[in-house]
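All chains, please: the whole structure from these sequences, using the hints.
FYI, numbering that gives the first Met the number 0 numbers position 99 of the sequence shown as 98, with every residue one higher than the one before it.
Simulated from the structure, these hints should not be mistaken for laboratory data. Check the hints yourself; a few may be wrong.
In silico DSS-like pairs for lysine-lysine, Cα to Cα no more than 30 Å straight-line [stated by the list, open to error]:
1) 295 / 341
2) 16 / 159
3) 159 / 295
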Amino acid sequence: MEIYGIDHVELYVGDAKQAAFYLTHAFGLQVHGHGGPETGLADQRSLLLRESAVQIVLTSGLSSDHPAAEYVQRHGDGVAVVGLEVDNAAVAYTELLGRGAESVAEPTTYTDEQETTVVVAEVAGFGDVIHRLVERHGPRREFLPGAFQISEPSSGPDEKLFSEIDHLAICVPSGQLKPTVDFYENVFGFLPIFDEYIEVAGQGMESTVVQSPSKHVTFTLIEPDPNRRPGQINDFLTWHAGAGVQHIALRTSDIVEAVGTLAGRGVNFLASPSTYYQALPGRVGEVETPIEDLEKLGILVDRDHWGQLLQIFTESMHVRRTLFLEIIERRGAMTFGSGNIKALYEAKERELQGVEV
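Written out as structure tokens, the structure reads:
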């Protein structure tokens, strides 16, 4: 079994059209297709959004007992499916079950007249999140032949700001970090590449980053320290009602341009105090981008053994203040830096507390 990368993420949302309006007008993604009863997807409405290798599916249930409606009732809008592109979906499905994964859906084949073939199967992941194994043959313009009607991209901003999904950050309850890391190691063959313990204002957070052998799928797994004061990870687990994806990180080749463009469209980002930027040169060395430009936009900088990475969080898009997005640029960095992890945690904490900087 070989995992090539993240094929797509599917969000279950209360109103797919409303969510698409925000992601297209604010973030520049474009609607490339739709699915619903008219395409054989009973009791649901789905929209396919794309930019470069980023694929996000928004699905709303049309009946109260549809899985999307049940998910939203419990969790609010959030990531319900993480699609993983594999070399052979049927073989991957069988291998994963043999290693202890729980089956959700057996392999199904979708085809069309243009000789496009997509095979999908599903296994359980963490919490209520499903992993969809996706095997693709033929033109990549199609998503699920026959189940999704592909259309010309919707009108929207011309800038291509994002290249791919860099990583997903996942919150799990206290005591579940090690079992979750073990699950991805033993079942999916992922490797732990980074771990960190962060303490801020009496709150504690343990994190481990796991990555596929191809290095194209990265999950940051996070649990709160039960021996410390409850904080934002506890809040997420309470408001989301269990384990789930806290944020989706979108990679860009120019974070200054991307953040400036998004801010101009009304996207709100988390801010950091000026003291962070005063200490930056001594902590990460010379930065190509003028520090005053980074401070103006609130962009954080860190480094690992290979290079620098620049990051920023958006404010949460949802009333429960759960799921949000991250914008990230890697200038050689292959993992993460502990300085940014703490600074991002502190920035999120200020947002939740309503503190100005």
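Now for the hints, and whether the structure bears them out:
no. : hint      : result
1   : 295 / 341 : holds (20 Å)
2   : 16 / 159  : holds (22 Å)
3   : 159 / 295 : holds (23 Å)
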